[in-house]
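The residues making up each chain are set out below.
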Amino acid sequence: MGAERSLRDRFERGLAAPICLTWELTYACNLACTHCLSSSGRRDPNELSTGEAKALIDEIAAMQIFYLNIGGGEPMIRRDFFELIEHAVGQHVGVKFSTNGTRIDQAAARRLASIDYLDIQVSIDGVDAATSDRIRGAGSYDSARRAMDNLKSADFGQFKISVVMTRESIEQLPEFEALAAAYGAELRLTRFRPSGRGVDVWQELHPTLEQNRRLYRWLLERPNVLTGDSFFHLSALGEPLSGLNLCGAGRVVCLIDPVGEVYACPFVIHEEFRAGNVRPAGFRDVWQNSELFRVLREPGNAGACGSCGSYDACRGGCMAAKFFTGLEMSDPDPECVFGHGETALAAKKLTIRPTSSPDHSRKVPVAISAR
Amino acid sequence: MTLLTDVIFDPTAPWQLNEQVSLRDESFGALAYHHDTRRLVFLKSRELVDVVRRVGDFESADDAIDALVPADQRGRYLTALTSLVRSEILCGR
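Respectively, the protein sequence lines represent chains A and B.
Heads up: the first sequence runs through residues 18 to 388, numbered per this note's numbering.
Heads up: the second sequence runs through residues 6 to 98, numbered per this note's numbering.
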């Protein structure tokens, strides 16, 4: 464990380039999920052009960032989507992209299957249409399942089924596991954070303490279920979950938004966590010279968690979850497994919860129809 | 598919950095990313990175270790290379 710990300390001081760079290609989306981290809906007129996006990919390749996590909005809505991902994989920059699946018809599935170094994550938030569509909108579950069917018949290989753990979806873990197995897919679970539009539904939909404990035990028994290190706050329950178990914001991860703004992580699209923009001097300049990142790479302060024997396991939890619930960085995670976060929230006389700075939500409800 | 237990690291044989692997220098050593298995491996010292980069220039892993590593650390490096062969960062040539 000693070696692991010193490695984690190194990571907390930052790396030469991110391990995991998330790039939201567009704010445009044909769905309007209630928990959208990036408050997506309408395209931003200032989004990076094809030329700018390709130049950014060239820089990412030069920095030896091994792979990109592409998201949005719905990335496949961009007309140059295939051009961009082919430009990336052509330079040995692997691509993993998240999609709602609405654009993966049979032809798109065949084209995706022909590209090397490509991973696909199809999102659903329930194992049946009723549960999933309550969050993602009417018809979204069926479109996602159609996309999975098309990927399977195009012999894409192993794709990922990505699920945000809500109070409802967490009750369907065995069914998700069975669904993934039926497709020969990998199951990927991520934490529901109160970011973007998620801030509005977090109170009613985030897992209960008891559910989080059950999830922890379930994950411990299933190291093959992917979590993207989402649940490191649960490691305070005992044995650490697999992964780095630290907040990587500005240290080993960051996010580039569709207009080139760089944020500390995918869950803090907010002015306070904006490190700079790739347009003036490129991404490397932001990664190496941002004042925000310099501060985030300083040794952590345990704050209110300093007297808790589990601080070394959970590191005080997720910065974004604290920020968007109105907690201080020195407070415990709102979902602290010992309930310290709930106590801290209750103790705040007046909670001012920040909302995401850029909001691209559409003003009218959307309905999608079968294609 | 090769099972991990099937992999035998023979230090008297010639080895090299797998062509499917990218190495990125970091302050603690390097990150190695295998593009096919999509696994990330941490090389936790610069000396180990040096051995990994140059092992292909020698007749055998033993020769590389003799040339690049102090004799009293031989065992540690053999263990590290065994693990890198298992994760397919190194391959035979």
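Hints should not be assumed to be uniformly reliable.
[Claimed, not checked] Okay, the calculated beta carbon distance ranges per label pair:
#, chain 1, residue 1, chain 2, residue 2, range
1, A, P297, B, T17, 53 to 59 Å
2, B, D30, A, E221, 46 to 52 Å
3, A, P240, B, D30, 50 to 56 Å
4, B, R59, A, P191, 38 to 44 Å
5, A, R239, B, L83, 29 to 35 Å
[Said to hold, decoys possible] Chain A is nowhere near these chain B residues, computed Cβ spacing over 10 Å in every case:
#, residue
6, S32
7, R58
8, A72
What the hints contain is simulated information worked out from the structure, not anything from laboratory work.
All of these numbers come straight from a predicted model, not from anything done at the bench.
In this text, a Cβ means the ideal position worked out from N, Cα and C, and glycines have one as well.
Quick rundown of the hints versus the structure:
Take P297/A and T17/B: their Cβ atoms lie about 55 Å apart, and the range 53 to 59 Å holds. One distance hint, 46 to 52 Å for the beta-carbon pair D30/B and E221/A, holds here, with the actual separation near 47 Å. At roughly 29 Å, the beta carbons of P240/A and D30/B sit outside the given window of 50 to 56 Å. For R59/B and P191/A, the hinted distance range of 38 to 44 Å is not satisfied, since their beta carbons lie about 50 Å from each other.
Taking 29 to 35 Å as the suggested C-beta distance range, the pair R239/A and L83/B conforms, at roughly 33 Å. Its closest Cβ contact with chain A, about 7 Å, brings S32/B to no more than 10 Å, contrary to its assignment away from the interface. At roughly 14 Å from the closest C-beta of chain A, the C-beta of R58/B stays outside 10 Å, upholding its exclusion from the interface. Listed as a non-interface residue, A72/B keeps its Cβ farther than 10 Å from every Cβ of chain A; the least gap is roughly 25 Å.
Of the numbered hints given earlier, the model fails hints 3, 4 and 6; all others are met.
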